[in-house]
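2 protein chains.
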Amino acid sequence: MEIRPQLDDQSGTPIYRQLYESIRSSIRDGSLATGDRLPPTRELAGSLGLNRTTVSAAYELLEQEGLIKGHVGRGSFVAGGTISFATSRPLDELFPIDEFRATAREVLADPNLTNILQLGSPHGYAPLRDYLGGESVLVTSGCQQALDLIQRVLAPAGSSVLVEDPTYPGLKNIFERAGVRLLPRGEAQAPLAVVTPNFQNPTGHTMSLRERQDLLRTAQDREMTIVEIDIYSALRYRGDALPSLAELDPEANVIQVGSFSKIAFPGLRIGWVKARREVIARLAEAKQMVDLHSDQLSQAILVKFAESGKLETHRRRVVENGRLQLTAVLESLEREMPTGTRFTRPDGGMNLWVTLPEPMDAAALLPEAQRAGVNYLPSRFFEIARRQPGSFRLSFGGLTPERIAQGVALLGKVFRAEIPAAQPGLAMAMV
Amino acid sequence: MEIRPQLDDQSGTPIYRQLYESIRSSIRDGSLATGDRLPPTRELAGSLGLNRTTVSAAYELLEQEGLIKGHVGRGSFVAGGTISFATSRPLDELFPIDEFRATAREVLADPNLTNILQLGSPHGYAPLRDYLGGESVLVTSGCQQALDLIQRVLAPAGSSVLVEDPTYPGLKNIFERAGVRLLPRGEAQAPLAVVTPNFQNPTGHTMSLRERQDLLRTAQDREMTIVEIDIYSALRYRGDALPSLAELDPEANVIQVGSFSKIAFPGLRIGWVKARREVIARLAEAKQMVDLHSDQLSQAILVKFAESGKLETHRRRVVENGRLQLTAVLESLEREMPTGTRFTRPDGGMNLWVTLPEPMDAAALLPEAQRAGVNYLPSRFFEIARRQPGSFRLSFGGLTPERIAQGVALLGKVFRAEIPAAQPGLAMAMV
Chain Z
51 MEIRPQLDDQ SGTPIYRQLY ESIRSSIRDG SLATGDRLPP TRELAGSLGL
101 NRTTVSAAYE LLEQEGLIKG HVGRGSFVAG GTISFATSRP LDELFPIDEF
151 RATAREVLAD PNLTNILQLG SPHGYAPLRD YLGGESVLVT SGCQQALDLI
201 QRVLAPAGSS VLVEDPTYPG LKNIFERAGV RLLPRGEAQA PLAVVTPNFQ
251 NPTGHTMSLR ERQDLLRTAQ DREMTIVEID IYSALRYRGD ALPSLAELDP
301 EANVIQVGSF SKIAFPGLRI GWVKARREVI ARLAEAKQMV DLHSDQLSQA
351 ILVKFAESGK LETHRRRVVE NGRLQLTAVL ESLEREMPTG TRFTRPDGGM
401 NLWVTLPEPM DAAALLPEAQ RAGVNYLPSR FFEIARRQPG SFRLSFGGLT
451 PERIAQGVAL LGKVFRAEIP AAQPGLAMAM V
Chain G
51 MEIRPQLDDQ SGTPIYRQLY ESIRSSIRDG SLATGDRLPP TRELAGSLGL
101 NRTTVSAAYE LLEQEGLIKG HVGRGSFVAG GTISFATSRP LDELFPIDEF
151 RATAREVLAD PNLTNILQLG SPHGYAPLRD YLGGESVLVT SGCQQALDLI
201 QRVLAPAGSS VLVEDPTYPG LKNIFERAGV RLLPRGEAQA PLAVVTPNFQ
251 NPTGHTMSLR ERQDLLRTAQ DREMTIVEID IYSALRYRGD ALPSLAELDP
301 EANVIQVGSF SKIAFPGLRI GWVKARREVI ARLAEAKQMV DLHSDQLSQA
351 ILVKFAESGK LETHRRRVVE NGRLQLTAVL ESLEREMPTG TRFTRPDGGM
401 NLWVTLPEPM DAAALLPEAQ RAGVNYLPSR FFEIARRQPG SFRLSFGGLT
451 PERIAQGVAL LGKVFRAEIP AAQPGLAMAM V
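Residue numbers (our numbering), protein chains in the order written: chain Z, 51 to 481; chain G, 51 to 481.
These are calculated hints, taken from the structure and not from any lab test. Hints are all accurate, no fakes.
Identical chains share a label here; the pair holds if one copy fits it or two copies do between them.
No more than 25 Å apart at the CA atoms, straight line, and that leaves these computed lysine to any residue pairs for SDA-like:
id, residue 1, residue 2
1, Lys222, Glu335
2, Lys119, Asn425
3, Lys360, Asp58
4, Lys119, Gly183
5, Lys463, Thr405
6, Lys360, Asp59
7, Lys119, Arg92
8, Lys463, Glu381
9, Lys360, Asn101
10, Lys360, Ala159
11, Lys222, Ser171
12, Lys119, Thr137
13, Lys222, Arg332
14, Lys360, Ser61
15, Lys222, Val203
16, Lys360, Asp160
17, Lys360, Gln60
18, Lys360, Asn162
19, Lys360, Leu144
20, Lys222, Thr137
21, Lys119, Asn162
22, Lys119, Glu335
Isolated chain Z (complex conformation) (with noise of 0.2 Å):
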């Protein structure tokens, strides 16, 4: 197939965003259909007289948005329909786009432009960190790097600390790599425990209250300091909220860790953390070595779009969504698995953990699924001490009801495949 595209030297686009463009219309008229090879860079930028980066950052850019997708020796392909359930991000169709660009022109317009392009404070931005809660604060580059200083501050190389398991892999990673023991809850004792209350990631499970009080007693008795991932808890879908284990006791050693990124925008890096004073302290210090301080034009546009109400709005749409979605994602599920498939049924969240009857290999799938069009996560991401093989984390957040549909029927299509015998046994459980 081949790629013509009408490139114009004097426009203002540079040439590589025009190639990229042309692709993408060729992709969505369907003049590129999945599966299609594109042209190795080298050719396409010799019979097109470009130079070879050029070429490559159309590329790249085509594969930042999951257009085509690279094969390390065997070129790019046309990737329009992969249906991802890989990563645990936000819905971007629903982005309330023109509300925050009205929001960063406000930023754009405000006098005090010049200061918030000037170096700043590692504490954050001062009206955002005033707006999160004030000195006990600190503004971070989104909830990964909020983990980064905790290890770095909390958790030196050798010491042992509590997480849920599975657990989330950057967790996992930043701690590992720093030569810290990594030890499931409730089989160990550590002078720190990582815990996410609500909707876990990957399991999507939810902490009762009677959960959340033993752990904050535990901690009491043992002097152990809990670090509360909350990022999710604002995207409940049904059921009532519970208080988070900062709210339910205030004196505890409780290191609450937020971030926008799971309601809106995760291309602006902005996390933070809540804590006593003299641990804000000594995280600010870690994160000014670490990169002086976050960007301070995305604290500004995310603090009026929280300020102004728009991002609460748009929160209930995203949770009116999400209702949805959880309802496509477990009804789908229900009906498309092979017979004895577990899964979590999560209240809000993104993310829910699906175990294929044995002795069924979610890793040794994932290339035939990805073949059908469809990825995930399996289980040795997220492990800790027990291996699952069977399992894997179906991650729904970014998906439309329909998308997830889709995606959950072509992969219970290849899971069905594996196990010829189970069809039956299927075909009645679904009557």
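Chain Z is already provided as a structure; the job is to place chain G on it using the hints.
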């Protein structure tokens, strides 16, 4: 003195911001003068019927702007007059704010905005990465994060790294905290060296062509990797540019660190690393662990700002002004410092190194300088092996030539007062 702001509940502007603006006006119009004490937050909150955190937020904003200064246990004072030579940063009065606004508005109007606001790649936003050099580039959250990632990947705890002595505190802190042994370059061997060939921070020193070639030869002989901090080279005010280490030997193990922040907008935390692809791959893995990726809105704005030529136009203006800043700082040091003072004479950048005559101690004199309204960073922040109690860094990048001259005059007065014996000598030298 009383603070009686007009606060409006119904206004869209938060109360703390109204309070901040009101106090700021009072400082600007002189009704609050340098040295005036602000009421304690609790007291002002009481008298205005506000929450104490509201008042704290206003004070924090004022402090962030350098308009007031808090002293533990003594309260907050109007600091309008302090001339700070303590931070290596660009002059914000030169920031091309209108051009920035125009570029940011273009990005906001981009149909691709949704993708900019969605989760991105740890390597960086593709158009910026392409602009900077494609696959050999990793976008980081400023130069500081580049150093953190390099430490994590290439300088494990217990290893040795060669650096300049004195060196940049952000480098010293991040490597020493990680348990890396820093050694002065030239006196030892190590697998990694970190250098700033142009306008080094803090000395302003530039390596000659011969020094660069010698270093590259040593690196080759000893299989040493060189980290080349290249954040000031675009700010040459006199003399001819020299090729960078990376340019001199494209085959050498050079990892180049760059940033936009010394030219403009350090509040947007965007820097980069250029290195061999296999090094970039390892750094990108670390980048994903520490904060997933850098802020994409700022990346999108900065690449458009650069591609449009606005960055280069602004850089020329900064260089023209830098020439005036450099002249001002050198001439006033010559004129104002006590006899026997030595200082470096850089050809660019924003820092130079002053050494007072013995037995003067720059750290011991700092409180006196601060009382006189001037700030600087004494030698101990920069020292590796050699103690230089008489020395301090003078950062002139963030001040107008007029403020530089005023500040150096104030410093000279403080220092000369310390050595009455030197006064006549000085007076004679000044004839």
